[in-house]
Every structure is written in structure tokens, then in C-alpha cells.
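Colleague: Listed here are the chains, written in short residue letters.
Protein chains: 2
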Amino acid sequence: MVFNWFRKQRVIAPTLKSRGEETSTAPRVDLGDMTPEVIPFLGQVAYFELAVFESLSRAVASAPNLRDKEGLTDAAGQVLAKHQGVVEELRKLKVDPADAMAPFAPAIDRFEQLTSGRDWYEMIFGVYLTAGFLDDFFTRLVGGLPKPMAKRLEVLLEPDKSADVIVAALKAGIEADPKLASRLALWGRRLIGDTQLVARSALHGSGNRKNDEERIEPVLTDLIAEHSRRMDGLGLTA
Amino acid sequence: MVFNWFRKQRVIAPTLKSRGEETSTAPRVDLGDMTPEVIPFLGQVAYFELAVFESLSRAVASAPNLRDKEGLTDAAGQVLAKHQGVVEELRKLKVDPADAMAPFAPAIDRFEQLTSGRDWYEMIFGVYLTAGFLDDFFTRLVGGLPKPMAKRLEVLLEPDKSADVIVAALKAGIEADPKLASRLALWGRRLIGDTQLVARSALHGSGNRKNDEERIEPVLTDLIAEHSRRMDGLGLTA
Numbered sequence: 029m030v031f032n033w034f035r036k037q038r039v040i041a042p043t044l045k046s047r048g049e050e051t052s053t054a055p056r057v058d059l060g061d062m063t064p065e066v067i068p069f070l071g072q073v074a075y076f077e078l079a080v081f082e083s084l085s086r087a088v089a090s091a092p093n094l095r096d097k098e099g100l101t102d103a104a105g106q107v108l109a110k111h112q113g114v115v116e117e118l119r120k121l122k123v124d125p126a127d128a129m130a131p132f133a134p135a136i137d138r139f140e141q142l143t144s145g146r147d148w149y150e151m152i153f154g155v156y157l158t159a160g161f162l163d164d165f166f167t168r169l170v171g172g173l174p175k176p177m178a179k180r181l182e183v184l185l186e187p188d189k190s191a192d193v194i195v196a197a198l199k200a201g202i203e204a205d206p207k208l209a210s211r212l213a214l215w216g217r218r219l220i221g222d223t224q225l226v227a228r229s230a231l232h233g234s235g236n237r238k239n240d241e242e243r244i245e246p247v248l249t250d251l252i253a254e255h256s257r258r259m260d261g262l263g264l265t266a
Numbered sequence: 029m030v031f032n033w034f035r036k037q038r039v040i041a042p043t044l045k046s047r048g049e050e051t052s053t054a055p056r057v058d059l060g061d062m063t064p065e066v067i068p069f070l071g072q073v074a075y076f077e078l079a080v081f082e083s084l085s086r087a088v089a090s091a092p093n094l095r096d097k098e099g100l101t102d103a104a105g106q107v108l109a110k111h112q113g114v115v116e117e118l119r120k121l122k123v124d125p126a127d128a129m130a131p132f133a134p135a136i137d138r139f140e141q142l143t144s145g146r147d148w149y150e151m152i153f154g155v156y157l158t159a160g161f162l163d164d165f166f167t168r169l170v171g172g173l174p175k176p177m178a179k180r181l182e183v184l185l186e187p188d189k190s191a192d193v194i195v196a197a198l199k200a201g202i203e204a205d206p207k208l209a210s211r212l213a214l215w216g217r218r219l220i221g222d223t224q225l226v227a228r229s230a231l232h233g234s235g236n237r238k239n240d241e242e243r244i245e246p247v248l249t250d251l252i253a254e255h256s257r258r259m260d261g262l263g264l265t266a
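Chains as they are written, first to last, in the numbering used here: chain D, 29 to 266; chain C, 29 to 266.
I should point out that these hints are in silico values taken from the structure, not numbers from a laboratory. Take the hints with a grain of salt, since some may be wrong.
Copies of the same chain are indistinguishable here, so a pair counts whether it falls within one copy or spans any two.
[Claimed, not checked] No farther apart than 35 Å at their CA atoms in a straight line, the calculated lysine-lysine pairs in the DSBU-like style are these: (1) Lys199 <-> Lys122; (2) Lys175 <-> Lys120; (3) Lys120 <-> Lys199; (4) Lys179 <-> Lys122.
Use the sequences and the hints to build the structure in full.
Modeller: Structure representation (C-alpha cells):
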């Protein structure tokens, strides 16, 4: 992906805090002082949520029983609402959502393919970990958007309860078949690399790539810690 | 399917109107004086909407371009909202939605398989025709449910705008490839038989099957006329 969300002038003269300051004083490392380019940012988030929706729909269709199927429809609905909310923001800006999403489709499609897993459990675990990581990443960039939109997107992209259903299904699966745990642990460790690449891809093509990467590093460290917490919550070693 | 929505006492002593009276005076033939059994009715409708959602999700995933994909997500969201609304009614009755849906899953799964089509156009045309027909059928039975629920379901199952997106995509497809028209016309004529069977299946297993079938006949005639109008709207001979 050769897109860069960040406005050049902000990248050239960023209000950089030292890394030590950021990680020690703030409970959450934020990218609010980095200003993403609005339309590419919305386009990438919209397409990402659409891809997550497609993954969850596949998981609905292939659920092992009707109770899990029913639970996942809620999750799919919540992700679809995120997609639709971001599309609504693009429409407000008189931008065709398809045009805004198009540049991000190939890379995200490939990412979804790489992270779709070999069975239903890997599929839903993949959604849980990758969407958890990237929604969190996107939310930390929202602060740099124009104010009223930032407010709306913060609410929209908030972590939802869709994850609860997935966690419950994974726990039940691991309980029924303890061998699943080691397979999922391996899968979770594999996913984190590709997922970070999607976050980093937003910086590629920038004249100040090195500068951006330095600033994004503490955020990624923070997001990886969240990832480990998700693994731990299922009794898996990250 | 061996289920019968209709309460025996109402079927034994129905407030039957003559067929002539029904078709000549009412602009719309209704089944409001037939009282469906609440839980099986909700279970079948919930599972049917879930199956339509799954079909639309597949159509989202396999859309030929991003604009059609984006349009269909709206349609999928509207169908999902129908499913969730019906599930909500089951929860209000303290009924596990999975238990209520389970008896209807095999027949509806088979129906979805039979009507899924050979390509994207047949897939979305199938959803348009079968969901159009059966939503209409279900809506006509809603009048026989307990009042506040009937009111809520009437609003919920109302024809939505999801069809507009599908019609536009089909028209564009036919314009680009006129041969598609004759293929879709054939497909539409094939679908109507299986779709009627789903409607009729609600009567099977009843001690008064003959009686029910006589009463349902004018409704089916009316629904087939609607089906023909959908075909006509696309310039296809029903």
C-alpha cells in the first residue's frame, strides 16, 4: 500500500513528545497529535470493517451449531454498523465510499486471506485478535481528525460486546478439546505480525517514514500488550 | 417439515370468507383470521431471515465491484435487523431463539441451497424473489398474532429499500449483457415453485390440511401476482 494518511506538514513539524514521557505518564499512548488525512483514513477504516463483516458472515454461515450462529449474527451486526457509520461520514463529505475504499481493498483482502484460518475456531479467533488490534489502532488516530467527526467516530469505533460472544465460543471450544489451546496460541502469535503490518502500512510512501515509524512505535508496543491480554484471557501464551 | 403454525381450534372452526368475496372486495388478501402458533411462527421467520442474511452476505463477499458490494451491505443490514427483531420477540417470551429456530433449519437450509443460483446475478435475483414472496406471506399472517407483537412485527417485516439496490444491480447487469435476461427469466420461473412450497410447508402435519390449503390458495394467487410484477419490473416474462 502506498498511501499515507498523515498530512505532510504535520509530519514535517510534529509536536513530538519524548518516548519516555509518553509511555510513563499516559495510561494510554495516543496518536492524537498526528493528523490523519481524512478521506484515506475513512476509506481504509470503512474497508477494514467491511472485511471484518465478511469474515464474521462466513463464521455465521459455518458455525458449528445454531446457538453460536445466533450469537455471531449480533457481532456481525455491530461490525456492519461500524462500516455503515464510517461510510456515512464519507457521504457527508460528498465522497463516494467505493472510491475512498478502493485503494485499500487489495492489501486488506490479502490480509483477510492470510488471517482467515483453517477452521471455524481459527476464523473467529483471527477476527477477535486482528479486529481488536486494528480497531484500537484506528481509535487512537481518531483524535487527530476534525472535532465533531472525531467525537462521532470515537463512539462508533468503541470496543463492542461482539467480542464477548467470540470469547465464550472459544472458551467452550478449548474446554471441549484442550488440544485446541496450543493450536490457537500458535495462530495468535502468527497473526500479530501481519496485523502490525496493516497498521504500519499507513506510513508507507511517506517522505518522513522514519520519523512516523519512530512515533508509532510506542503505540504498537501498547497495542501488542493489549493483544497479549486477549491471549491471556483465553489462557493462551502470547 | 412437520410443523403447523395454526392453532387447531381456529382451523377447526375458521371464520372462513368465500373465495370470491376475498378476492373481489379486498385489495389485499389477508390471513389475519388465521392464528399462527406464536413460537413456531417466530422460529421459522427468524431462521428464514437469518438464511436470507447469509445469502446476502455471500453476495456481498462475491460482488463484482466495490459499488455493488457497498450497496448490498445495506440490504444485508436491513435483513439482519429483521432477524434480530424477531429474535427479540422470542427472548421477550423467554424462549431460546436457537431452540425455536432449530426445527426449521433443515428445510430452509435446503431451500437456500436450491435457490442460491449459479452466479452472482442468479444469487441476488433469488434473494429478491424468494425473500420478497415469503416476507409478504409472513406479513399477511402477522395479523393473527397477539396485538402488540403483531404491530411490532408489521413494522419490522415491512418491505424495505434493500430491494432497490438489488433491482438496480440486476438492471445494470441485463443492460451490459442482454443474454442475462432470458437466463434470469428462466431462473425466476423455476424459483416460484420451491418458494411456494416453503409457504405451504407451514400447513403440513395439520389434521385440517385440506381446509388450510383451501384458505391459503387465494393468498398464494395474490403473492404469485406480486412475483410476476417483480419479474415485469425487470422486463422479464414471469
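Colleague: Now tell me, hint by hint, if it's right for this structure.
Modeller: Here is what the structure says about each hint:
Only between protomers do Lys199 and Lys122 lie at most 35 Å apart by alpha-carbon distance; the minimum there is 25 Å, versus 44 Å within a single protomer. For the homomeric pair Lys175 and Lys120, the shortest alpha-carbon distance inside one copy (14 Å) is at most 35 Å, but the shortest distance between copies (40 Å) is not. In this homomeric assembly, Lys120 and Lys199 come within 35 Å of each other (Cα to Cα) only across copies, at 28 Å, whereas the closest approach inside a single copy is 41 Å. In this assembly of identical chains, Lys179 and Lys122 lie within 35 Å of each other by CA distance solely inside one copy; the values are 19 Å within and 37 Å between copies.
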